[in-house]
Amino acid sequence: MTLLQLSLRSVVRGKRMVFVALLPLLVGLVAVLLAVNAGDTDRTDPYGVLAGELLLPLVLALVALILGVNAFGDERDERTLGLLLATTLSRPRIVLTKYAAAAAVTWLACLPATLGCLVLATKTELPFGEAAVSLLVASLLAALAYSALFVLLSLVLRRAVLVGLAYLVLWEGLLAELAVAFRNLSVGAYAARVVGAPFDDVPFNASDGSVVTAVVLLVVVAVVGVAASAWRLPRAHL
Amino acid sequence: MTAALQVTGVSKWFGDTVALSDLSFTSAPGVTGLLGHNGAGKSTLFDLLAGFSSPSQGTVRVLGLDPRNDPSVHARLGLVPDGDGLWPFLTARQTVEFLARSRGVADPARAAAAALDTVGMTTPADRKVHGFSKGMRQRVRLAQALAHDPEVLLLDEPLNGLDPAQRRADVELIRRLGAQGRTVLVSSHILAEVERMADRVLVVVNGRLVAEGTPAGVQALLAQSARTVRVETDEPRKLAALLLKEITVDSVTLDTDGLVVHTSDGAHLSSVLPQLAVKAKVLLHRVIPLGEDLESVFTRLTASARGAGR
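Top to bottom, those sequences are chains H and L. Heads up: the first sequence at position 72 corresponds to 330 in this note's numbering, and the numbers run straight through without jumps. Heads up: the second sequence at position 11 corresponds to 27 in this note's numbering, and the numbers run straight through without jumps.
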């Protein structure tokens, strides 16, 4: 048993994994059904809506929330943090490993939905290779950014699940829908911008600016979030 | 040789709450008992010693290192934290092995097996911790603290939740660990428990160190102090009259089904009360020490400590 194995075991156990696995599976199924029932007409819109507006900012964000918040939330609730910290493991390494486990499982759990969306993408006029790379990269970056945010949140607040949910629904959901200014402060919108890379004109809500900007900002969110968590862990009064 | 644990002028406060106040002590090899009621600051002190938080004032050194900035201290330090936390999805062996590996043990599998054997957990070692009783969990927690053969052991209420037989076994084990020359700091809120393990006792009240000495010395200090005992008997009046003749009894108050005795010497009262009852042929239903709990005894000790020039 290593720290990484412990972290992975900790992430994938329990009833919440059922929800975490079923939700993307359902989305994947819907995507495949849409693809099967599609005629020869342009189906760009369903792909964009599903991948850019449902999969990343909602489904993957929820999965990241549940797994990210519990990376340290479980340690706190089960009072094992004292044991984990009573080791010579460096605190940044503990944070990085737990974060990596949460982000990786988030991305993998969402893979059925991601692949389902790619099946749907074959029914569009988009170049498939480009669409596939965009979506896979976007989902990976979104998993990294969201997980970093939610791991940090759980080290700062006790009610991290509720606050995280409120953030997703109100900030990323509502405000980003309402005003472009807010959209440029939303992880989901930047992830959507990456999904929208192959489109000439992105047919769903996404951030302004270039794809490169979006990629850089998602990476920055992930790095800053993890760094802040590493700083925070020894100071968190859990 | 410098002491393994050096706590110098340490205070710790959380907002307006003072958890530790100007605490200083140095450890010696062997078992030191940390006696204090719940909330006295024992766990706060353990957190500081383990490097989980920084003192608001003063310095903490463990094996000469600042545990706050140097997690490497955990290679030579064994900790049983407060509570009964364990990863429910791991077996006892996986738990101890993981923690031994995470403290740089060269052969964690062998270290885990040896430690689990020491605490008598070899048979259930490959079962998931999830179904363990509180006593078994505490065993595993103790085993992980021993697996890397540390020079210093910090045990926060390690006997909580154990049945009497387990308690006896663990008291023995802790004594043995101390006799091997390790520095063991073990906290408890039960004096009798500390007495059986420790060569030296630190008494902490409301975050202050109020007494320090051999268990016998601290025991004497506690016995001398006044206490209040409630006696339920079939003939309260008769017993009250007899008790008032005792020189150590300050006052007796009668109430509906018993009497409340204030005494200046609790130890004397407990020896004289049965004798009186037998002599007077009075039945004692119950004898309940009131205000004899550590908290009030400690409060009194604090008051006397302050009177002595604090």
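You may find that some hints are simply not true.
Stated by the list, open to error - Derived SDA-like pairs (lysine to any residue); straight-line CA-CA distance at most 20 Å:
no.	chain 1	residue 1	chain 2	residue 2
1	L	K254	L	L292
2	H	K273	L	P104
3	L	K144	H	E336
4	L	K144	H	L262
As the list claims (entries may be wrong) - In silico contact screen, one side only, chain H against chain L (beta carbon under 7 Å); selected entries:
no.	residue
5	M259
6	L264
7	R267
8	A344
9	T471
Just so you know, the hints here were simulated from the structure itself, not pulled from any lab data. It should be emphasised that the depicted structure is a prediction, and the values quoted were computed from it without experimental measurement. For each residue, glycine too, the CB sits at the ideal point set by N, CA and C.
(request) Provide an ascending list of the numbers of those earlier hints which the structure does not satisfy. (result) 9
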